[in-house]
Amino acid sequence: MTLSVAMTVNGKAVSGKVEARTLLVQFLRENLGMTGTHVGCDTSQCGACVVHVDGKSIKSCTMLAVQAEGAKVLTIEGLAPSADKLHPMQEAFRENHALQCGFCTPGMVMSAIDMVKRNNYQLDEATVRRELEGNLCRCTGYHNIVKAILAAAPAMKSAGV
Amino acid sequence: MYDFAYHRPKSLADAAALLKGKDEARPMSGGMTLIPTLKQRLAKPSDVVDLGGIKELAGIKVEGSGVTIGAMTKHFDVSTSADVKKTIPALAYLAGHIGDPAVRNRGTIGGSVANSDPAADYPAAVVALNATITTNTGKHAADGFFKGLFETALKDGELITSISFPKPEKAAYMKFPNPASRYAMVGVFVAKTKDGVRVAVTGAGPAVFRVKAMEEALAKNFTSAAIKDIKVPSKDLNSDIHGSAEYRAHLVGVMARRAVDAANK
Amino acid sequence: MTAETGIGARVRRKEDKRFLTGTGRYVDDLPLARATYAYFLRSPHAHAKIKKIDTAAAKAMPGVVEIFTGKDTADAKMGGLICGWVVKDKNGEPHKAPAHPVMALDTVRYVGDTVAMVVANSIDEAKDAAEAIKVDYDVKPANVDLARALDKGTAEVHPEAPGNLIYDWEIGVKADVEAAFAKAAHVTRLDLVNNRLIPNAMEPRAAAAEYDKGTGNYTLWSTSQNPHVLRLILSAFVLGIPEHKLRVVAPDVGGGFGSKIFCYNEETMVCWAASRVGRPIKWTAERTESFMTDAHGRDHVTHAELAMDKEGKFLALKVETIANMGAYLSTFSTAVPTYLYATLLAGQYTTPLIYANVKAAVTHTAPVDAYRGAGRPEATFVIESIVSKAAKELKMDTADLRRKNFIPSTAFPYQTPVALQYDSGNYPPIIDEAIKIADYKGFEARRAEAKARGKLRGIGFSSYIEACGLAPSQVVGSLGAGVGQWESAQIKFNPTGNVQVMTGAHSHGQGHETTFAQLVHDKLGVPMDQIEVVHGDTATTPFGMGTYGSRSLAVGGSAIMKATDKIIAKGKKVAAHLMEADVADVEFENGTFKVAGTDKSVPLGQVVFSAYVPHNYPHADTEPGMDENAFYDPANFVYPAGTQICEVEIDPDTGVVEVVAHTAVDDFGNIINPMIVEGQVHGGIVQGVGQALLEAAVYDKATGQLLSGSYMDYTMPRADDVPSFKLGYKVTPCPHNPLGVKGCGEAGAIAAPAAVMNAVHDALAPLGVKHVEMPATPLNVWQSIQGAHRAAAE
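Residue numbers (the numbering used here), protein chains in the order written: chain R, 1 to 161; chain Y, 1 to 265; chain A, 1 to 794.
Hints in this document: simulated from the structure, not taken from any laboratory.
A hint or two may mislead.
To be verified - Derived EDC-like pairs: lysine to aspartate or glutamate, alpha-carbon spacing no greater than 20 Å straight-line:
id	chain 1	residue 1	chain 2	residue 2
1	A	127	R	19
2	Y	44	A	124
3	A	726	R	124
4	Y	10	R	69
5	Y	39	A	125
6	Y	194	Y	246
7	Y	39	R	84
8	A	14	R	84
9	Y	228	A	721
10	R	17	A	721
11	A	726	R	125
12	A	455	A	721
13	Y	20	Y	240
14	Y	39	A	289
15	A	90	A	170
16	A	455	Y	261
17	Y	231	A	653
18	A	127	R	30
19	R	17	Y	3
20	Y	39	A	131
21	Y	44	A	125
22	Y	39	A	651
23	A	17	R	19
24	A	17	R	84
25	Y	228	A	653
26	Y	55	R	54
27	R	17	Y	47
28	Y	44	R	19
29	A	17	R	125
30	Y	39	A	124
31	R	17	A	125
32	A	701	Y	47
33	A	14	R	54
34	Y	39	R	30
35	A	127	Y	117
Could you put together the complete structure from these sequences and hints?
Laid out in structure tokens, this is it:
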């Protein structure tokens, strides 16, 4: 079944033709050519595909594109405020070497931002580790990811994001 | 996945009409089970009826002394609801431990209960708290609702609209997660009410079951000591690379005792 | 060059910008116009004869462009997928080399074996067509139990390997070792399994190819750790496409850990089919597909014995191992349990006599090959487990027994009895530092405190050494390797003074775009943002052997240093001319050429410009241009070493093992970027913890089905499975490479399993538990405790 779908992605209105079975991650990657969101598994566990839909962290591989009709979608490509300025979470990941191959990174950053806000910018190590249950990383051993998220929380608060 | 016709009705009546008479039509709540199933081509529905557009299906109400939770209420909302935390904190705790944060933003209580996955958490709460399941055609009591592996008392086209949980005097849920999937390898929900004690176990068998021996002992003395020698038979329990039937039987005891201790805090 | 940017500085990574903003380009991201999509039909059986494949109905389905089977590869006279290391058995005979067809011909040999490739306009159409392919299988019994693989009567995987034996290999003199055992005061014995793992880089394998009809050139994009090696194999052995007509590009790659070294069926088929189909072809593995078909790792069954005198001095070690090759010999498979394993059995110790016998077996499972550590984790696990067991039997402190047997720092270079000569090292300060950081002295108090809470604490050591920086070509050649293991670098200045640094190494997470730039920045004084490191494309980089075996810095970095030497040497001639001085009087420092004893100087940028605009130039003996190549073949392996200490707390009611602390002190020689090194150690430790406590590739013994076929059943380490780590460093520079560096990429994974399991055994010993196999899952630990209770009751 072919359908039209329209939503806002990173502040821009977009639309396209999809099938009912088209996943949101496929719409982003293939229809919109936004390949920053990644597919790392097929059991909805790895988190490489996490984006924000209407302010909530969502596994875009487990949502149909048509279910995002009319929604506000935020992806990794939409985080940096400008070409030479990064979001505090992106900055913290770079500063703390919280990425190596970069494949899990978009989903990790999106989940991390969601985690910080849901916990009111107050996190401790145990909470961060628990809240990363849905994000797998094979390269970093998580040590620096945890460090980056703990550093980003107060930075996000000061920046008002 | 195979293609299908997609519908997003705005009312329960429309949803029921879309499902009526169509053997291969499937309702979708959060999609956290259905979409992975479709991706693996394990199902080929002709139609998928997305219940997400039916406003009246979501929401949490305090009713009487208990809570009534709309079928399309997300796990995140149950886990953070002030009403649920105040009335049945064990239920909020359970919801907060389903899946991971992103899954909790989509997964729903109605979907979980209608699916009766042997490792799902909610069935243990429904049975232990003796909840009432309301559908578009009637009501179901908790006992007898979960009939077997992925099998409930729901008829074809019958949709859960809400689940009402009476407030217990004491309750707690203890879950031992499968290390890989983090689903319940054994999850025990214990609830004490004026009518007695109910102990419901998920993850260990083909569907949620009660442990009468523990219930009787706890009704006399609601302490973990009272059930320390009660063993659940391992026959008929699930066995896989993560947990043998004997291990699960053992964990039932451990989790039940820990649940009672938590309920008593 | 500053303290913030040179060698030794924690320079933040240049490559992060694109990864953090979603603008990386991984193979699946590549937009190829008019692309078709490939989907592979795979065997559902572990062992079966293919009686018939009927693709007629499938070919007629909508969107299908073409369908290929094994018959097409045979008709095209495709070569098989090679194993590039000829191991000679005990009798000097080369190992059995069964055929490894690109797609199954008449037999499928593991669940996931490649049966057909469908190429269609969309992936869903390809899958629909794959379902319509009718394959008539004659299912046969499967051989999936490694311990039984060599037994008489076990189903044979290949007629070319009778009894499933690929080789029976040994190192050391058995008679000498047996004589030492006969005189020993104490012998510790250990039977263990090194559990089979699935690498699971977060990016699944992918390949894309297109063929240019006009030029006859192929381009293959692959998630490869070594594009030139892949090109060489495809060209010389499998497809026959001449190397100069085949470009292989490994763009951004999401992790490899060894699993992306090898030449695989899918990328071979996608490349070959691109010219048959006439449109680009894209293929990306699904995760469950990756589980079945990525090369698996480890999978040994071992019996080891350690002979000691009454003071605990190691007299001799003997090891018998059966190693699983899987159903087909993958590219480096034969070398992993021999030259990368048994040659490390001296560990950090002076054990004078060592004998190892390794039998490699084929089974009806996925091919097994190198995975982070490749042989060295297996060796370390054997030695460090048996040493800790010996300490318990001798009632000696586990650290003391190790110290007693360490190679003293005065003994280097140290010739081990197992071929390798360690170049430099000093082990006692490492274990001392680890003991301090881990507060080993306070452990018993922590154990008592935990006991009061009903929990069992344990502490475990692992003093590892490994041989990496692969490799001196002549050495590996003499041992049967089909290739050399040197590395290449090209430093190409542009007239405006910025520079491209081409390397034959490849970064799939290691940060070479930053660390290699640091080398050039430090040596030549060029600002970091004026340096571009280029890797991964056979069209633009010199031939290189790729990244694995912790080699990129030790070998690739050394090649870069040699190239910088050439730049400086040439630059001096140009500078001497510009400054009207003698070349012998010219010095180079901080990016500037000076005449000694004067204030005459000329910056590198001016020298570079002069070389490209040579109006005032020493043409008599100097060519224009500033573009130098270098190739570096290491004189020896490098030998990083260290000690890890793991502390666990076990809940005896559930069997859950919690890692409460993990310390690693390493000697990686000189450190170029400490931040990068820490990241490698963290990641390696977690993979090691994963092996010890969580991960296991499990095949059903009866049917050969992969039971752990997705993340639902294969336990990947998550953030809440591990703590933050405590790291420390000691430095004994490598004496034989220009940077004095030793490789760091695999050390964490090599040492950690033994540290964790020694801690688990230490925690459970008071309950009478004698042995727990990896992974020490809650089920496994609980069953071990029950077993000990039953044994005690008898």
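Hints broken by the structure, by number, lowest first? 6, 7, 9, 10, 13, 22, 23, 29, 32, 33, 35
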